[in-house]
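Visitor: Using the hints provided, position chains B and C relative to the given structure of chain A.
Protein chains in written order, with this note's numbering: chain A, 1 to 303; chain B, 1 to 344; chain C, 1 to 261.
Take the hints with a grain of salt, since some may be wrong.
As the list claims (entries may be wrong) - Restricting the straight-line Cα-Cα distance to at most 30 Å, the calculated cross-link-like pairs of lysine-lysine (BS3-like) are:
id, chain 1, residue 1, chain 2, residue 2
1, A, Lys218, C, Lys78
2, B, Lys212, B, Lys173
3, A, Lys66, C, Lys78
4, A, Lys287, C, Lys78
5, B, Lys214, B, Lys177
It is worth saying that the hints were derived from the structure and are not from the lab.
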Amino acid sequence: MTMQIADSGSLTSPDAKARAHALAARDNLRTEPRAVRIVIIALAMLFLSVFVVLPLVVVFAQALSKGIFAYFAALSDPEALSAIKLTLVVAAISVGLNLVFGLVAAWAIAKFDFPGKTFLITLIDLPFSVSPVISGLVFVLLFGAQGYFGGWLRDHDIQILFAVPGIALATTFVTFPFVARALIPLMQEQGTQEEEAAISLGASGLQTFFRVTLPNIKWGVLYGVLLCNARAMGEFGAVSVVSGHIRGETNTMPLLVEILYNEYQFVAAFAIASLLAMLALITLIAKTILERHLDEGQDVNDH
Amino acid sequence: MTIEVRNLVKKFGSFAALDGVDLKVNDGELLALLGPSGSGKTTLLRIIAGLDWPDSGEVAFNGEDALTQGARERHVGFVFQHYALFRHMTVFENVAFGLRVQPRSIRKDEATIRARVKELLDLVQLDWLADRYPSQLSGGQRQRIALARALAIEPRILLLDEPFGALDAKVRKELRKWLRSLHHEINVTSIFVTHDQEEALEVANRVVVMDKGKIEQIGSPDDVYETPATAFVHSFIGESIELPVQVADGVVRLGDRPLRLAVDGLAPGASRLFVRRHDMLVGPPGSGAFEGAVQHVRNFGPVQRAEVALSGGQTIEIDAPRGRELRAGDTVGLEPRRYRIFAG
Amino acid sequence: MGLTLSWLSVIILIPLAGLFLKSLELSPEQFWNILSSRRTLNALRVSFGLAFAAACVNLVMGSIIVWALVRYRFPGRKLFDAIVDVPFALPTAVAGVALTSLFAEKGWLGAPLAALGIKVAFTPLGIFVAMIFIGIPFVVRTVQPVLQDLEIELEEASGSLGASRWQTITRVILPSLAPALLTGLALAFARAVGEYGSVIFIAGNLPNVSEIAPLLIVIRLSEFRYADATAIAVIMLVVSFVIIFAVNRLQRWAQNRVPVH
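Only chain A is shown next, with the shape it has when bound in the complex (with noise of 0.2 Å):
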């Protein structure tokens, strides 16, 4: 679909201006006018570029406005520092909780018929479609002061809400899709074939899942971990509701962005910004990537 206009030098003879028309006939078929695509292009590229890359550059001619030094120096602020290092603990905790049992879910899905299995699936993509907010308020329901289970805990001196177990759990719940949701279609479209090879052969259960299903399914766990992590540790609606936003103990790096911002500390604020952004491009990158490799596998499978 290449761009095509005729040679305007030879349009004078009666033959020329024939085939200029043929021209013009062969892109009507497949193709819009040339005007029609530029203003098309045109208006995709405005688009992305207001609600996307201006938004994006924003972030960072925020954060480097008062110069290199200012933005270290926010950066390298005690609530800063604490920020990072609880954002980072939550978003191991998570993902890893969630790679064990996205992969047993994904395993339960892909590789066993029961009744019940489509309500399953939709279940796992549940938290996808719940705002973040409910998410949060559903624990602060089972684990608050008036709460479900708030009793129990106060008497056993277990604090949930207000404090990392809290923020861990909701940031589990929200990012709970994604290993189980990259993971189902591989196992599905590999099927158990080869599962039943290695356990004929003799391996073991585990033997048979580390060394036959996990070196299938490798990148697509990748896939999911990276997701996972993204959004783990840029959640913000749900461990906005449970944490309690209590300085330097319960503030994650995107309700610390809140709070500073509030505050009229912009370069603070974008500069903590600036990292997530950052984490984000990163992750696009990664994720380019990983989609290479998941194609190159579907395509061994495909001949």
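Guide: Using the frame of chain A, we list chains B and C on its own:
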């Protein structure tokens, strides 16, 4: 409608899909473009339809330049290999599509369109499927609907790309007969592309054999089978025995063994000898141009297929009539009833 | 197996069951009073209304972007293709502060718009902008693969049957994309309705005017009015369920291309 194609060239990068093609299609005939994949037959069909454009050359319909018209204006019915039926429309709407998109000035009223679609569905004998969706049809039914849809615009030419390619063997055979009788009924100049020689020979009035972007031979099905014009046609159509021979001093030699074959008008040099399997007559040792030992015999209904090791070292397969049974180990003389020798 | 099911129910079902149990503690009148209060109604109206408007914009602009990315070759195409995913990947709080800064009265886009008399940040228009931002990947990524797989022969067939390019687009291409377009619309809508982080910074959060339903839940929680929060959440959840159900039906219908009887 006659179609005339002159010196058509079409390159995709450095690959020449069409390399100087000349062709004349007569009014009302049913022509087959036959060739292996990559021979340029589909490209030629698409250029005639206005779906592709040549780098150079001419296409004329009834003597008028067709290359100044786009596919919309050519009034050509095109049946795609995978049918390209519109999945979101019923069978009825698929067939009606070409009538509904006509410019308002010439568009017919709803009743006329309905009557016309009904007529076409009757023609392809699928009127009872009018309300179905393409996904609910079998392959053969889709094929016929695609044909009805192409006919709805009253095309001046009907073009079919591998019309039976995606069907299973039994449906294929039925549809071949049906297509021939349909063509007889509607009598529109038609061209179809196929890589299946049986299909081309059985359905078409005339066959165009193509290879590597060039036309190798144009002729009736009998012509291309009985008197192949080139080595390619001989090996592509029908089962052939092919042997490398030398022509020198008025003698044809296989290795160093002279063959008692006529060499009238043959240029000296390395050549290839072609014989149809069933044209190799079996006689007692010393009776023919060749001599060999029977290795294997298998019976296929009325013929016995024998693998014979020639005294020169080559192994060939021949089809001999049943009656005089061959056995492994027999030494036989072989005489080609008909043969052709091509230089190169 | 058993482990999987119990894990799933622990992590997903129990919390949600808790939500519905909590809402059952309310009498129907209480439930109705909460929902029919002016502030709740307005918050729901803002969330659902603006989310639907934003999803419609995304439907149109998403289609244009998909068309450009799939059908045309232009410099930077691959880059723009990758950029579409940014709203997926960018943490919502970051998107929120970035959009606010961009559209604030002194921002890069806010200043020229203010000169034209258009105020974006801290108005419902700001909510609308943020919802467009987060919704765009849903339409693009749902429609893109379908357009890529659409056989070019369909367009050739349409053209050779005499259809103009415009007729081919409106009668053949768009109907073929319709299920994907509707799915993308529904997904963008569902996401925008529940969106919190990227909206609250730019919203202004004026009760009855620019206050979204998720923010009202947070406010009710901070006031310890758990019942109010729960009632609003339940309504939003029910709508989400309906949307998921509709999307699933839509996809099954698209696969079969058989009219739903």
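Visitor: Okay, which hints does this one fail, numbers in order?
Guide: Result: hint 3 breaks, nothing else.
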